[in-house]
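Following the hints, put chains Z and S in place on chain F, whose structure we already have.
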Amino acid sequence: MEPFNFLILSSLLFSVGFLGIFINRKNLITILMSIELMLLSANINFIGFSDLLGDLSGQIFSLFILVVAAAEAAIGLAILTIFFKKSNSISVDSINRLKG
Amino acid sequence: MIYIPEVFMSIGFLIILIISVFVKKNQNIVLGYLSLLLIFLTQFFVLKDIFLFEEIFNNFFVIDSFGSFLKSVILICAGFVIYFYIIVKNDSSLNRSEFSMIILISIIGMMLMVSSNDLLSLFVSIELQSLALYILVSFSKEDFNSSEAGVKYFVIGSLSTCIFLFGSSLIYGLVGSTNFSEISQFMSDQYSVPLLLVVGLIFILVSLSLKISAAPFHMWTPDVYQGSPSLVTAFLSTAPKVAVFGVLIRVLVYPFGEIIVDWGKILVILSIFSMLIGSLGALRQDDLKRLMAYSTINHIGFILMGLVPGSEDGITAICIYLIFYITMNLGVFLFILNMKRDQLNVTKIKDLSGLYKTEPLIAGCLALLFFSMAGIPPLAGFISKLLILNIVIDNNLFFLAIIAVITSVISAFYYIRLVKSMFFDSPTEELDLLTNSQSKLLLSIFGLFNLSVIFYPQFFLNLCASITLSLFALR
Amino acid sequence: MTIYFFYFFSFLIISSSILVISSNNAVHSVLYLIFTFFNSAILFLLMNAEFLAMTIVIVYVGAIAVLFLFVVMMLNITESEIKEGFLKYFPFGLILIAIFISELFLVFNFQNFPIPENVKINVNEAMLTESSNTKLIGLFLYTDYFIIFQISGFILLLAMIGAIVLAQSDERKLKSTSSINQKKVRKKDIIKLN
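Residue numbers (the working numbering), protein chains in the order written: chain F, 1 to 100; chain Z, 1 to 475; chain S, 1 to 194.
Worth flagging that the hints you see were computed from the coordinates, not collected in a lab. Hints should not be assumed to be uniformly reliable.
[What the hints assert, rightly or not] Subject to a maximum C-alpha distance of 27 Å in a straight line, what follows is the list of computed BS3-like cross-link-like pairs (lysine-lysine): (1) Lys25(Z) with Lys85(F); (2) Lys86(F) with Lys348(Z); (3) Lys348(Z) with Lys141(Z); (4) Lys350(Z) with Lys420(Z); (5) Lys141(Z) with Lys85(F); (6) Lys86(F) with Lys25(Z); (7) Lys86(F) with Lys141(Z); (8) Lys89(Z) with Lys141(Z); (9) Lys357(Z) with Lys89(Z); (10) Lys348(Z) with Lys420(Z); (11) Lys357(Z) with Lys85(F); (12) Lys89(Z) with Lys25(Z); (13) Lys350(Z) with Lys89(Z); (14) Lys24(Z) with Lys350(Z); (15) Lys265(Z) with Lys350(Z); (16) Lys89(Z) with Lys265(Z); (17) Lys357(Z) with Lys86(F); (18) Lys120(S) with Lys135(S); (19) Lys25(Z) with Lys141(Z); (20) Lys86(F) with Lys340(Z); (21) Lys89(Z) with Lys24(Z); (22) Lys357(Z) with Lys265(Z); (23) Lys348(Z) with Lys440(Z); (24) Lys357(Z) with Lys440(Z).
[What the hints assert, rightly or not] Some, not all, of what chain F presents toward chain S, calculated at C-beta under 8 Å: (25) Leu12; (26) Ile23; (27) Met33.
[Claimed, not checked] Just a few of them, taken from the derived set where beta-carbon distance is under 8 Å, the chain F residues facing chain S: (28) Phe4; (29) Ser34; (30) Leu66; (31) Ala73.
Glycine included, C-beta positions come from ideal geometry on N, C-alpha and C.
So that you can see chain F by itself, here it is in the shape it has in the complex (with noise of 0.2 Å):
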């Protein structure tokens, strides 16, 4: 595989889930889904390499990268919920409280 395809691929789905977390104002579970897409990319680009180099050590690397995504993944939507449990409302719009 060339590595010039999935690193666009890998830039472009980046880029998307950057944008997910900066223009979003409808919910906070969105941003969450978009630092999953984030993780994605980079998985996405240890892979390609892997299999460009012919090393195993990139696989592994992004086997560990699952296991980060899954245990973030635990701890935001445990946050969320407590938001929302104070607040009544996910939307971005709603944290507006702290500022100075």
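Frame of chain F, contents of chains Z and S only:
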């Protein structure tokens, strides 16, 4: 055989976790004392092997005196924070057995961070540390602000993780390995450094600057500092900063030392922005914790300035700055923890007014700490700022030095405003303060330390100089 | 032939990921996310990473996406209209992304990737003795990488403790009567004869 402190600490943590199941609900203090004991023992193991150099665990981690020194500083921070937890009981929502557990697990992550020698081990340990911090920030059940700060910190922290991973994937593709010594080898073999490697390094730098809250990646800091429980803020502003600085120094100096021209410029920009935003942003704050956030950003800018030349002296100065910075910060936060009026926690600046009339000793110590942060001559903060400025001028970065001096003067203004309000303003309503003598004693110790450093600065200089030697022995 | 498959599935990944962030309904977003992960699993198969392809289906689709769906259902978020902020930030974000992509495009275009002679774990050599990708990953995961494996175990432990700490509520909301109070009750307190 070396007793690796992280392994000892992890086993100790698991034992305390099992004990915590049998501890009754109102006796969480027992767990606090146990964690303190574990931190003491780990500190012993760290200091025992402080001059050892060894690559362990298949070259994923490295034991050297630079890492051991930072581990010791991190353990001191965490020890103080857990001691504050024991002596100051001002937040009932923190009164749960898991609090000290999560602090312990985040320390394990930080200790692994400063000794990691591979991008994979670095990534996993950064995650261990920051996941623990997300939980700590949103720990309070009663306070709405705590969970809002938690959401913000989580989103920014995960973004930083993703950026780190993308950068390290680019580096992996180019080098064919994620090990620092392999990357260093690759760099020295190359005739001209490939552009993509610099791009990967920039990604990693951005991610780490999000973690140390260097401007322009600082936006989350004031909100998170204000929203999280005061004890957590005390922890957040000391230990993780030390750990991330350790990582930053190790990554930049060892594997990427060849392209100092590239990252030096980025660090100059980061430090100028941080110093300006840290000093100007603090001027219009009325909350003490927000003010401390901006003060942290300002200090971070100063510390980053010492890394710009990438030399041994610069890193020595950074180590000294970090030691003094944590004593000042822990002292101020110990005071903030004790600020109460009618059993409610208050953190506004105007609550400080007239403190001298009711508590002259405390006001004096606090004034010493604030002056030290501002860098008024005989105090510890002055010595550290002087060392950094000396490095900067030695490397002919006059522009940077001028900005540093101007911003210190601006930041001195708001510290002095705080002191003025303590000593000369008439009290609006009195704080019911410092009911326990331990806090008073500890605060005076922090104040005295900052005052007395001027008599033995050579001790710290020699200590830190011998520590940083190990970092350059590898090359 | 492989390259056309690659293009096809890449197109599907990008388009469904755009749908993830632009869909108004949170449940639809999760479903598009699942679709993205399925396609990337196929992409991983094309890149000779069979174990990872299966793991991504199990972990992402089986665990993470279900967790998302569970939270979406629990919080009862259905539709949300696009606020005016969307249009305010969208052009700025798009310009930023365009710059980012074009810079990376230039860098990638002029970069050749030298293949180092000795990599850490050479797959082609290792494949001569071990037959499958999965077996190979297991062989290295539990030996060379055991310390990372242990730390990731700690991460999962922390995630468990953290989720319990955050989600557990202190006050008991169950409607129950304590047995001591039941014993205290006297007959004359409850039964009244008028």
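Minimum beta-carbon distance criterion (8 Å), alanine 73(F) to chain S: 5 Å, holds
Given hint lysine 89(Z) paired with lysine 350(Z) - CA-CA distance at most 27 Å: Holds: lysine 350(Z) and lysine 89(Z) sit about 23 Å apart, inside 27 Å.
27 Å limit on alpha-carbon distance, applied to hinted pair lysine 357(Z) and lysine 89(Z): 25 Å, holds
Pair hint lysine 86(F) and lysine 348(Z), alpha-carbon separation not exceeding 27 Å: 24 Å, holds
Lysine 89(Z) paired with lysine 24(Z) [C-alpha distance capped at 27 Å]: Answer holds: lysine 89(Z) to lysine 24(Z) is near 18 Å, not above 27 Å.
Restraint check for lysine 86(F) with lysine 141(Z), where alpha carbons must lie at most 27 Å apart: Holds, because 9 Å separates the two Cα atoms, which is no more than 27 Å.
Proposed interface contact between phenylalanine 4(F) and chain S, which counts if any beta carbon pair is under 8 Å: 6 Å, holds
Straight-line alpha-carbon gap lysine 357(Z) to lysine 86(F), limit 27 Å: 40 Å, violated
Satisfaction of hint between lysine 340(Z) and lysine 86(F), Cα-Cα up to 27 Å: 25 Å, holds
Pair hint outcome, lysine 25(Z) versus lysine 141(Z) [Cα-Cα no greater than 27 Å]: 16 Å, holds
Agreement of lysine 25(Z) and lysine 85(F) with the hint, judged by alpha carbon distance not exceeding 27 Å: 24 Å, holds
Minimum beta-carbon distance criterion (8 Å), leucine 12(F) to chain S: The hint holds - leucine 12(F) has a Cβ within 8 Å of chain S, the shortest such distance being about 5 Å.
Going through the hint list in order, the structure does not satisfy hints 11, 14, 15, 16, 17, 22.
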